[in-house]
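Number of protein chains: 4
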Amino acid sequence: MAAKTLNVGLIGYRFMGKAHSNAYRQVARFFPELTTVPVMKALCGRDETEVKAAADLLGWQSYETDWRKLIERPDIDIIDIATPGNFHAEIAVAAAQAGKHVLCEKPLGNSAAEGKTMLNAVTKAGVLHGVYFNYRKVPAIALAKQLIDSALLGKIYHWRATYLQDWIVDPDFPLVWRLKKELAGSGSHGDLNAHLIDMARYLVGEFREVNGLFETFVKKRPELAAADSRLGGTADKSRLGDVTVDDASIFLARFENGAVGTFEATRFALGRKNFNTFEINGSKGSVAFNQERMNELEVYTEDTAAGTYGFRNVNVTSGADPYTGHFWPTAHIIGYEHTFINFIYDAFTAFGKGECPSPNFEDGYKNNVILDQVTKSAESRQWEHVVF
Amino acid sequence: MAAKTLNVGLIGYRFMGKAHSNAYRQVARFFPELTTVPVMKALCGRDETEVKAAADLLGWQSYETDWRKLIERPDIDIIDIATPGNFHAEIAVAAAQAGKHVLCEKPLGNSAAEGKTMLNAVTKAGVLHGVYFNYRKVPAIALAKQLIDSALLGKIYHWRATYLQDWIVDPDFPLVWRLKKELAGSGSHGDLNAHLIDMARYLVGEFREVNGLFETFVKKRPELAAADSRLGGTADKSRLGDVTVDDASIFLARFENGAVGTFEATRFALGRKNFNTFEINGSKGSVAFNQERMNELEVYTEDTAAGTYGFRNVNVTSGADPYTGHFWPTAHIIGYEHTFINFIYDAFTAFGKGECPSPNFEDGYKNNVILDQVTKSAESRQWEHVVF
Amino acid sequence: MAAKTLNVGLIGYRFMGKAHSNAYRQVARFFPELTTVPVMKALCGRDETEVKAAADLLGWQSYETDWRKLIERPDIDIIDIATPGNFHAEIAVAAAQAGKHVLCEKPLGNSAAEGKTMLNAVTKAGVLHGVYFNYRKVPAIALAKQLIDSALLGKIYHWRATYLQDWIVDPDFPLVWRLKKELAGSGSHGDLNAHLIDMARYLVGEFREVNGLFETFVKKRPELAAADSRLGGTADKSRLGDVTVDDASIFLARFENGAVGTFEATRFALGRKNFNTFEINGSKGSVAFNQERMNELEVYTEDTAAGTYGFRNVNVTSGADPYTGHFWPTAHIIGYEHTFINFIYDAFTAFGKGECPSPNFEDGYKNNVILDQVTKSAESRQWEHVVF
Amino acid sequence: MAAKTLNVGLIGYRFMGKAHSNAYRQVARFFPELTTVPVMKALCGRDETEVKAAADLLGWQSYETDWRKLIERPDIDIIDIATPGNFHAEIAVAAAQAGKHVLCEKPLGNSAAEGKTMLNAVTKAGVLHGVYFNYRKVPAIALAKQLIDSALLGKIYHWRATYLQDWIVDPDFPLVWRLKKELAGSGSHGDLNAHLIDMARYLVGEFREVNGLFETFVKKRPELAAADSRLGGTADKSRLGDVTVDDASIFLARFENGAVGTFEATRFALGRKNFNTFEINGSKGSVAFNQERMNELEVYTEDTAAGTYGFRNVNVTSGADPYTGHFWPTAHIIGYEHTFINFIYDAFTAFGKGECPSPNFEDGYKNNVILDQVTKSAESRQWEHVVF
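Residue numbers (our numbering), protein chains in the order written: chain A, 483 to 870; chain B, 483 to 870; chain C, 483 to 870; chain D, 483 to 870.
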């Protein structure tokens with residue numbers, strides 16, 4: 483029986499565009515049970531030379547230079563948004579109004595208001611939608627979710643998470659788009675805390691209140707030499723501009739179930755490259771995770787011989803989770819890109835049933851609300867409630 | 483040349499009393515260069531049978547059952563206070579007034595007011611004083627201090643610290659003195675955060691403002707079966723009492739130098755036994771420490787061959803620090819008790835010069851102020867300034 | 483400019499066939515600079531239903547059920563052999579005689595004699611050839627090679643390596659082809675030590691002499707229920723057969739440059755799944771590697787601040803090696819499958835220049851010789867010289 | 483009830499003498515249940531000034547400069563031998579003949595013949611005897627022994643051990659006594675493999691046969707500047723002498739129970755300081771140990787939830803072993819010196835019953851035999867049987 487197909491139009495072809503494209507190319511190779519599969523119809527970007535080359539390289543059948551034209555194309559079923567954050571809302575709303583399903587990079591909007599607008603648009607249009615919180619699809623994290631859902635950890639008391647990077651510690655690193663509020667919405671907060679917040683919602687539950695601080699350690703940086711927004715651009719040291727986003731964003735949280743949490747996102751932790759970690763402590767067990775060793779989960783339970791309790795290092799590659807059984811034998815590890823393959827697998831499994839995947843725009847909107855309340859608390863210098 | 487001696491009277495003989503006694507016995511064996519050495523003159527405790535046995539076991543020449551008598555003894559030069567926190571202030575003030583030097587366990591007072599009273603008393607009396615923030619004396623932490631002081635880490639941006647334990651996760655664990663506010667002052671906060679705060683002051687600098695949350699996960703517990711205050715007592719499940727201290731205490735901080743910090747103390751992190759960790763990120767390097775592997779320091783600097791940067795695991799046993807050269811060859815590790823030996827070595831080195839050791843009551847008082855401001859912030863739900 | 487193409491015919495579609503296919507599909511997506519690229523022309527296997535499905539799934543344009551027919555096809559430029567070891571020699575010789583380039587899984591032959599025959603055949607035919615020692619293409623190992631070649635480690639004294647698995651510890655695990663000498667040639671030795679030997683030749687140099695022991699802990703096992711040779715077959719406990727290969731193979735070695743080495747391969751190390759590790763100690767530095775954390779290399783050199791020497795954990799994802807710059811940003815890790823993509827990249831780079839890739843049949847033959855001499859030493863119970 | 487006492491005379495006051503002295507001083511402080519306790523009667527060394535100072539520092543009541551006089555003293559019950567290996571036999575035999583109990587550093591003799599002579603002497607004299615294989619007294623290793631004895635690991639298949647150091651990698655390091663065969667007997671072999679062999683006998687069982695290689699990487703070194711034998715002496719680069727012992731000694735072994743083992747001792751593993759490690763794999767579980775993290779034991783068993791198997795890091799400080807309950811609370815770690823305290827505790831417990839401690843001269847002799855057979859195999863280049 484031939485699988486049903488859905489035609490995808492992807493907007494953006496840099497880091498995220500490359501990761502999404504790879505997932506579309508690979509998903510049916512590893513998950514042959516998929517009954518609805520993606521067709522890589524069109525790639526969209528503003529520079530025709532670049533987008534044409536990218537479409538060839540990444541495996542897209544055609545290209546567009548105007549996202550509005552992409553949305554108008556009748557042969558496109560799904561719009562995948564992998565642009566900087568300031569375009570998310572406008573594109574998603576237009577796509578929904580055109581009756582396209584929408585997959586969108588995180589954070590969903592650059593504000594809760596944008597997120598709400600986007601959620602309303604897809605709901606009103608009755609299209610399917612998903613948001614790329616890809617870390618839910620890390621096998622080790624999916625396993626942690628299983629352990630929690632099966633009550634192996636008991637009542638959850640603690641969440642502590644960090645997302646540490648160091649790519650802008652050098653004060654001469656230039657003012658790329660991610661350092662400008664009008665483009666990125668925020669700095670480390672929307673980029674990194676958005677992920678931590680989603681994992682916390684997924685694993686611990688909903689937030690009750692938050693209280694944070696933001697800091698910008700380097701307040702002026704050289705502008706980009708050329709008039710582009712690439713992350714890897716060259717600095718023009720003769721012109722300094724204001725950094726208008728946070729270098730670090732840290733907050734405390736209380737969850738509805740009584741657990742308490744700490745969150746720290748920063749781009750100023752020298753030596754930490756993609757140090758996305760969390761630990762959860764419950765009344766019966768604990769788990770700890772580090773994205774730099776994403777094939778492993780540290781698990782603590784007290785069900786072994788007396789005197790031999792300890793965190794055990796579980797190599798999550800044996801198929802106890804929903805994903806790794808599709809790839810390679812135990813301890814033949816997978817990598818970052820596979821989280822996107824797993825995401826697309828889950829998304830197209832849901833699409834095949836006419837359902838929204840998880841996480842979707844509702845998660846994206848709630849994430850936006852929490853991000854905003856943390857921002858508000860950093861300004862009000864007091865706790866802020868989370869109400870959706 | 484015979485060393486000068488100072489006669490010590492120690493109050494308390496349980497966990498801390500055992501650790502202090504060991505340090506007094508051992509210090510001159512490993513640090514023969516000391517010119518002023520302790521004499522273990524008298525041990526003090528309320529139960530005569532127990533204190534007599536403890537004095538024999540731990541190596542004290544005599545014993546007392548009333549700390550006031552101990553203070554009156556003319557053959558005592560130094561009073562060492564290793565009692566529960568509610569006795570610290572009264573004893574320290576009396577000892578100072580009697581002209582004795584004072585060494586005191588942490589936290590110094592059960593409040594900043596007590597700490598201030600104690601600092602004033604020793605200052606007025608002109609006696610020497612020190613406070614047992616023994617983690618400063620961990621060789622790896624002393625090495626971290628050297629690296630920071632020599633500017634190897636550059637400008638400090640981040641401090642993140644946890645002190646995680648799990649000894650009261652079981653809701654049937656009884657109401658020992660550490661869970662009663664009138665005896666312990668606070669729970670995880672004074673017990674664990676006091677250490678983290680001292681290390682942060684030592685390594686990063688003074689605090690500007692703090693903002694925290696406290697949580698008591700298990701609010702009622704069985705009373706102790708017998709009328710004693712031992713940590714290892716038996717629970718009487720027929721009688722429940724109120725836990726009046728925090729199970730967990732978490733806070734954010736800003737330092738005077740612009741760094742930001744996170745602190746988490748808890749007794750509800752299942753699987754973590756004495757998980758006293760910190761990481762410091764600066765503009766030129768980072769260090770990370772874990773007390774459970776206290777002989778090691780993780781160090782990151784970018785002075786090696788290109789492509790080979792990484793946190794390196796330094797076994798701090800080679801004598802680059804002030805202490806380990808006195809013990810065993812490289813990688814023949816030392817343990818928890820040696821931090822007290824090192825503390826007493828530093829204290830008696832200072833005493834030999836007629837100076838207060840570091841840290842002393844001023845550090846203890848400032849620590850109390852910070853602890854109190856965190857407590858205040860947890861009640862006011864907003865940032866509180868730290869002013870000494 | 484369009485890239486030149488070479489048409490590939492792959493024989494075998496299980497574990498290795500899947501890995502090779504993925505590499506062919508992906509290589510040009512990540513290495514666009516390739517001027518000669520593979521075309522996935524035909525997949526070959528004996529069961530038509532299975533091979534047809536596999537060809538569809540893995541992305542091959544056609545299929546064959548007889549490898550001789552595949553070799554005869556004029557549209558095939560390269561024969562890729564991913565069969566059990568007992569077919570390698572016959573296929574490779576035939577392919578060479580038909581003028582096809584040959585890529586072959588390891589170990590090259592099931593004996594040095596077979597390896598020699600194969601090397602002679604490709605040499606005589608003047609075709610290009612390579613052998614899948616894919617671990618050379620792990621970025622961390624390629625970085626180790628760079629460090630050694632640039633003399634950063636100094637003179638090499640020690641090599642110690644293990645390849646530990648545990649998939650047959652259960653005595654009821656059935657007699658699959660890998661446990662039969664006539665099919666697999668040997669057990670852990672050819673399967674696992676072959677890799678260790680290749681890495682040692684690559685990183686340390688040629689062998690002078692070897693001395694080993696073999697052990698078969700479980701000497702009889704249930705036959706496979708069905709008459710197939712799949713690794714995951716079901717056991718028929720009513721029929722026991724002889725295990726005719728080694729469960730564990732361990733040996734000592736002396737290298738031509740004076741270094742000494744230890745090698746241990748086993749399928750009986752409970753808890754170790756793919757524990758392929760090595761450590762190299764030189765006069766100026768050391769490196770250590772573990773395939774289960776294949777994105778990391780432990781590096782020790784003494785060029786940092788005094789007192790801060792230590793093995794540093796290098797996340798080899800930043801492009802200092804020849805491969806990772808083509809994939810994802812630093813610390814966004816890659817996995818097992820990427821070693822095959824890197825292998826194919828190197829192979830087709832060489833093919834583009836009309837050269838054999840490295841490693842090739844000469845490496846495969848030498849590897850066979852060393853394997854055989856270890857086997858001989860296990861029988862003679864004395865050291866055996868390695869002469870090619 | 484007052485404890486019975488035994489008067490100790492210790493010969494040697496450098497590294498081992500310091501460690502033994504500390505154990506005698508401390509043992510009754512932590513093990514008050516001992517009914518027979520040591521009295522530190524006399525310390526013996528050739529240089530009067532030095533031995534007098536050492537006796538004061540280390541806590542001995544008197545000193546001697548001639549070991550024969552020490553043995554003649556009627557107030558000495560136990561002779562403790564902490565000299566270089568070439569003195570062990572002569573002293574032990576004389577002490578036994580004088581009716582003294584004997585504790586001796588390892589290796590017992592510098593050859594099996596010496597070991598046999600010593601064992602015969604103590605047996606004939608009817609005195610008690612022990613040998614300082616102190617690693618048996620590491621709590622984590624004692625716990626491993628418990629797990630094995632309770633069959634938690636099942637049938638043992640594999641032992642792999644290394645003892646890696648790097649203190650003589652520098653070719654200008656001088657010719658200290660440990661590098662001279664006539665004084666030390668051997669190099670890395672007797673110093674380091676002796677420990678590994680003892681741990682293997684303790685945990686796995688008796689040896690059947692061995693097969694090894696020795697290597698001396700740096701064959702000539704500067705003589706010591708002064709005419710002494712201290713390890714930390716200065717090199718006189720104008721005079722070179724022959725290194726007459728092994729820098730590295732590596733061997734394979736078969737045990738009586740069918741297990742196979744690898745052993746590697748070296749002083750040329752740059753970056754490894756006291757890297758005494760082993761791993762044991764059995765049919766039901768595995769354990770792994772590293773002396774540099776001696777408070778931890780890695781344990782693998784398959785008795786936890788499906789999908790969560792993994793080596794767990796057990797902090798062996800909770801008193802499940804025979805020792806740690808006497809020291810500090812869980813995860814308040816102990817160090818190298820405590821292995822000697824534990825050794826003396828076990829020794830005096832045995833002495834109190836009129837029994838030899840374990841390990842004793844029989845273990846020391848068997849250890850000597852195995853060491854010798856490895857040496858013989860390195861010369862004969864073939865397997866050598868172990869027969870006691």
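Quick caveat, the hints were computed from the structure, so don't treat them as lab data. Any given hint might turn out to be false.
What the hints assert, rightly or not - Capping the alpha-carbon separation at 30 Å, the derived lysine-lysine pairs in DSS-like fashion look like this:
hint	chain 1	residue 1	chain 2	residue 2
1	D	K637	D	K662
2	A	K766	D	K835
3	C	K858	D	K835
4	C	K637	D	K637
5	B	K627	A	K701
6	C	K637	D	K755
7	B	K637	A	K719
8	D	K835	B	K534
9	B	K701	A	K637
Hint check results:
{"no.": "1", "hint": "D:K637 to D:K662", "result": "41 Å, violated"}
{"no.": "2", "hint": "A:K766 to D:K835", "result": "44 Å, violated"}
{"no.": "3", "hint": "C:K858 to D:K835", "result": "53 Å, violated"}
{"no.": "4", "hint": "C:K637 to D:K637", "result": "41 Å, violated"}
{"no.": "5", "hint": "B:K627 to A:K701", "result": "28 Å, holds"}
{"no.": "6", "hint": "C:K637 to D:K755", "result": "19 Å, holds"}
{"no.": "7", "hint": "B:K637 to A:K719", "result": "22 Å, holds"}
{"no.": "8", "hint": "D:K835 to B:K534", "result": "28 Å, holds"}
{"no.": "9", "hint": "B:K701 to A:K637", "result": "15 Å, holds"}
The structure fails to meet hints 1, 2, 3 and 4 from the earlier list, while all remaining hints are met.
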